[in-house]
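Student: Sequence:
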Amino acid sequence: MGVTGIWEHMQKYAEQVPTSTLRNKTLAIDGHIWLYESSRGCANHFMSGASYLVTFFNRIQRLLEVGIRPVVVFDKITEFHSCPSVANSHVKKSKRSGGHGWNLDAHNELKKRVYNAEQLLNNMGVAVVMGGSDGEAQCAQLEQAGLVDGCITSDFDYFLYGGRNLYKVSYFAS
Numbered sequence: 001m002g003v004t005g006i007w008e009h010m011q012k013y014a015e016q017v018p019t020s021t022l023r024n025k026t027l028a029i030d031g032h033i034w035l036y037e038s039s040r041g042c043a044n045h046f047m048s049g050a051s052y053l054v055t056f057f058n059r060i061q062r063l064l065e066v067g068i069r070p071v072v073v074f075d076k077i078t079e080f081h082s083c084p085s086v087a088n089s090h091v092k093k094s095k096r097s098g099g100h101g102w103n104l105d106a107h108n109e110l111k112k113r114v115y116n117a118e119q120l121l122n123n124m125g126v127a128v129v130m131g132g133s134d135g136e137a138q139c140a141q142l143e144q145a146g147l148v149d150g151c152i153t154s155d156f157d158y159f160l161y162g163g164r165n166l167y168k169v170s171y172f173a174s
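Take 1 as the starting number for the sequence shown in the UniProt record's numbering and just add one per residue.
Certain hints may be false.
Quick list of in silico lysine to aspartate or glutamate cross-link-like pairs, EDC-like style, CA-CA up to 16 angstroms [said to hold, decoys possible]:
| # | residue 1 | residue 2 |
| --- | --- | --- |
| 1 | Lys-25 | Asp-149 |
| 2 | Lys-25 | Glu-65 |
| 3 | Lys-168 | Glu-8 |
| 4 | Lys-76 | Glu-109 |
| 5 | Lys-111 | Glu-8 |
| 6 | Lys-168 | Asp-149 |
| 7 | Lys-25 | Glu-118 |
| 8 | Lys-168 | Asp-157 |
| 9 | Lys-76 | Glu-118 |
No lab work stands behind these hints: they were computed from the structure.
A quick note: this is a predicted structure, and the numbers were derived from the prediction, not measured.
The whole structure should be built from the sequences, with the hints applied where relevant.
Tutor: Here's what the structure looks like:
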């Protein structure tokens, strides 16, 4: 996911802004990054449980509280023979631990998590877009079309696809 070390390099170009300055903006959200971040730190990235839904709920609530209109974008989930980017860390970790990497169970779990997150977001009244391929590409296309004002992601690929306004948000700051 993204270019290694790019955040450190780009710090000289970054501008820190209060979350309140994003009020009344419509921002695309890289949903697969949120799935990855919510499972990071777990012993098994695809363990059972719904902590990822709690992450989605809390983050969306925080954005709504400050007046941001979120549009959550998910990568296209391809057929089993190719690995979605969110699973790459699982593949690498599994191979390091002697596993066989990507498997049907992990693929089905990813599909289930995307479906469950989509249902939660729909119930919260939040727009969801299923990308035609890479989520960052879809987010950039939405910005280029004037449908969103930028994207919340930690993946600099967003810029490679033509995105112009990338935001990292602290969900715990006041």
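Student: Now, for every hint given, state plainly whether the structure supports it.
Tutor: We went through each hint and held it up to the structure:
Taken as a hint, the Lys-25 and Asp-149 pair is honoured in the structure, with Cα atoms around 6 angstroms apart against an allowance of 16 angstroms. A distance of roughly 13 angstroms separates the Cα atoms of Lys-25 and Glu-65; the hinted pair therefore holds under the 16 angstroms criterion. The hinted pair formed by Lys-168 and Glu-8 meets the criterion: a straight-line CA distance of about 13 angstroms does not exceed 16 angstroms. Restraint check: the Cα-Cα separation between Lys-76 and Glu-109 comes to about 15 angstroms, which is no more than 16 angstroms; the hinted pair holds.
For the hint pairing Lys-111 with Glu-8, the CA-to-CA distance comes to about 32 angstroms; that exceeds 16 angstroms, so the pair is violated. A hinted pair counts as satisfied when its Cα atoms are at most 16 angstroms apart, and Lys-168 with Asp-149 qualifies at roughly 14 angstroms. For the proposed pair Lys-25 and Glu-118, the alpha carbon gap of about 21 angstroms is over 16 angstroms, so the pair is violated. With a C-alpha separation of about 14 angstroms, the suggested pairing of Lys-168 with Asp-157 holds against the 16 angstroms cut-off.
For the hint linking Lys-76 to Glu-118, the alpha-carbon distance of about 13 angstroms falls within 16 angstroms, and the restraint holds.
Of the numbered hints stated above, those contradicted by the structure are hints 5 and 7, listed in ascending order.
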